[in-house]
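Colleague: With chain A's structure known, arrange chain B on it following the hints.
This is what each chain is made of:
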Amino acid sequence: MSNSNPSGDSGDTAWQEYLTGGSRGAHGQSAGHQADPSASASTSSGEPEGPSAPRRVIGTPSPATSRTMLPQAGHHGPQRPPRELPPGPEDPIKAKKAERIVATLFILAFLAGLGFIASYEIFGAGSLTKVLRSNLALGGTLSLSLLALAAGATIWVRNVMPTVELTEQRHLLASDPKDKEEFKETWEEGTDASQFVKRPILRRTLIAATIPLGVAPIILLRDTGPLPGKSLEHTVWRNGLRLLVYGTNRPITPAEFASPGSIISVVPEGFQNDDDALAKAATVIIKFRPGQMVFTTENHPVPNKVVENWTVENIVAYSKICTHVGCPAALYEQTTHHILCPCHQSTFDAAQGARVLFGPATRPLPQLPIGVDSQGFLIATGDFPVPVGPSYWERS
Amino acid sequence: MSWITARRRHPAAGIAIIALVLLLMGAGYAVVTNGGTATAAPPAASNAAQIAQGRSLFEESCSSCHGNFAQGTSQAPTLIGVGAAAVDFQVSTGRMPGQEQTAENVRGPAHFSQAQIAALAAYIQSIGGGPPVPSAAQVNPAAGSYGPGQQLFVANCAACHNFVGAGGALTYGKSAPALTASTPRQIYEAMLTGPEAMPVFNDLTITPQEKRNIIAYVTQVRSQSNPGGFSLGRVGPVTEGLVAFLGLLLFLVLAALWITAKHGKAHE
Chain A
5 MSNSNPSGDS GDTAWQEYLT GGSRGAHGQS AGHQADPSAS ASTSSGEPEG PSAPRRVIGT
65 PSPATSRTML PQAGHHGPQR PPRELPPGPE DPIKAKKAER IVATLFILAF LAGLGFIASY
125 EIFGAGSLTK VLRSNLALGG TLSLSLLALA AGATIWVRNV MPTVELTEQR HLLASDPKDK
185 EEFKETWEEG TDASQFVKRP ILRRTLIAAT IPLGVAPIIL LRDTGPLPGK SLEHTVWRNG
245 LRLLVYGTNR PITPAEFASP GSIISVVPEG FQNDDDALAK AATVIIKFRP GQMVFTTENH
305 PVPNKVVENW TVENIVAYSK ICTHVGCPAA LYEQTTHHIL CPCHQSTFDA AQGARVLFGP
365 ATRPLPQLPI GVDSQGFLIA TGDFPVPVGP SYWERS
Chain B
192 MSWITARRRH PAAGIAIIAL VLLLMGAGYA VVTNGGTATA APPAASNAAQ IAQGRSLFEE
252 SCSSCHGNFA QGTSQAPTLI GVGAAAVDFQ VSTGRMPGQE QTAENVRGPA HFSQAQIAAL
312 AAYIQSIGGG PPVPSAAQVN PAAGSYGPGQ QLFVANCAAC HNFVGAGGAL TYGKSAPALT
372 ASTPRQIYEA MLTGPEAMPV FNDLTITPQE KRNIIAYVTQ VRSQSNPGGF SLGRVGPVTE
432 GLVAFLGLLL FLVLAALWIT AKHGKAHE
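Listed in order, the protein sequences are those of chains A and B.
If you're matching positions, the first sequence starts at 5 in the working numbering and goes up one per residue.
If you're matching positions, the second sequence starts at 192 in the working numbering and goes up one per residue.
Source of the hints: derived by calculation from the structure; they are not laboratory data.
Glycine is no exception: its CB is placed at the ideal position from the N, C-alpha and C atoms.
Any given hint might turn out to be false.
[Said to hold, decoys possible] Calculated pairs, DSS-like style, for lysine-lysine (alpha carbon to alpha carbon, straight line, at most 25 angstroms): (1) B:K453 <-> A:K100; (2) A:K98 <-> B:K453; (3) B:K453 <-> A:K101; (4) A:K188 <-> A:K202.
[Stated by the list, open to error] Ranges between beta-carbon positions, derived for each pair: (5) A:A283 <-> B:T371: 30 to 40 angstroms; (6) A:G229 <-> B:W449: 23 to 33 angstroms; (7) B:R298 <-> A:A122: 39 to 49 angstroms.
For reference, chain A alone in the conformation it holds in the complex (with noise of 0.2 angstroms):
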């Protein structure tokens, strides 16, 4: 029984017939002498009427062969003795039952799959709703008829396929000594064959031209680059450059930024659409009452200097840019002139040149230094005297 087939055994018969029976019933044709639970079990009575030969469904073994569950493996490996398919599933009433919730659940998928491409269809995209509206419904149809499907194979395999143990030995990785024998004679022979020993100019070109290829993924990685240079060391604030207020691009006078506890965030005149700028040169204004900011040598960011003529009117310009990992830190507490990054929670005294009080972040934000234009407006005077954003390891 192990290469040919016999065709007439009662219980295999069974079985097949049960298995091309369900697939008549799923094709619409005919489901009745199955669904009696006697005739599944009990029709042994050699092949059955109708077709002369049994109908093969697409996707399915030949007749022939469907009676094991996998061929035979051939030559290799030790003879195995076939194993046989169950007559039938062992509950053929409920396995009819798990058949209609299986059927019911592709047509779910079937028809959530129609319903994904008729969301495409009906909600299109160009507005922000839109586009809500449809991911929604993209991603609702296409995940119900994916897990549908999935739900009905698996209450297929659990309900219907009957219930058999499969074994399967493992085999060791390494090759076979034999074979490996034979890949060295190969390997010998053809070494031999091209002469590559014998003639050294064809090996030797044959070497250079791998080269260029092996060092061709190597420069590649130029295009991680270029490298940033001193870029991160500077930003475009420079002497002269107005304070914009951000979103409404208006210069601002220490006379109207004048009300103690405000914040603004400010941009380079000039910059205020330039995005690459900005990412770098985003800045925030603090109005303090006099006397509130301490700035002393051990507060300041600069090691060992005072540089309080950077303030004007107890106004204090400040990077937005968290010197942890460059999250935005623009939470401000006016009642305890604390920074706050609103990423990793560190924490900078705004009053003490925003020295870290709390968190990750292990250097104070840079701080712009600040004066008064002809005009009474508010310039920077120079760039930031430290990189500002994330600190890096080259960082001066």
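Modeller: Frame of chain A; chain B shown alone:
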């Protein structure tokens, strides 16, 4: 006619006429300066009766912490110079009078009527000036444009209040409140006066029109639909990720259990 003729030489007539004229001038000045304010806005500080009412309310409900003359005590800051806008914000949001000493006062039902709040505001305005209560036209969201408003909101407000005004945590038990229940007037007053830990955005830094734009954004974003059906507090990707992670992970575990569960008895 005879009624006036009979009394115009009365000794009190002169005083009565002066009082009447003063009252009319005061009322007229109030109408002119407020530019047709809504009824909710308190009348001008010249209304002596209102100030007197405000003063007595202040002495009853506020003076124990803020001092008999609003000069401030160790418990609470001075209110001289905070202006009517600050009073209207604090009292109309129910934050004042404070019930207990906590990290901050939270929003709740107001303890005073509109008229009483207006009287308190008029009293505080009369003793030290400060930003007045904005008019209805000043805070009308319909007069603002929420596109520019969003830009200002995201740059200056969203760090604390979240990008749709859902609020967020601050330090030491404080938090930036959600803006979902704030009235346009309260939003304006909060920007103007900087209550509690909030910074100040005066009218010269963020102009009244820009404030209207911000109000338009804050009120408009509330009506934005949640196409997924759940807003999840609208606090952003953290909750969404958490729900997806915990919810879907549980689903996947259960599905794996279901698929691999043994059922029935394996045949020999």
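Colleague: Does each hint fit the structure? Answer for all of them.
Modeller: Tested hints:
no.: 1; hint: B:K453 <-> A:K100; result: holds (20 angstroms)
no.: 2; hint: A:K98 <-> B:K453; result: holds (16 angstroms)
no.: 3; hint: B:K453 <-> A:K101; result: holds (19 angstroms)
no.: 4; hint: A:K188 <-> A:K202; result: holds (20 angstroms)
no.: 5; hint: A:A283 <-> B:T371: 30 to 40 angstroms; result: holds (32 angstroms)
no.: 6; hint: A:G229 <-> B:W449: 23 to 33 angstroms; result: violated (51 angstroms)
no.: 7; hint: B:R298 <-> A:A122: 39 to 49 angstroms; result: holds (46 angstroms)
In summary, the structure is inconsistent with hint 6 from the numbered list given earlier, while agreeing with all the others.
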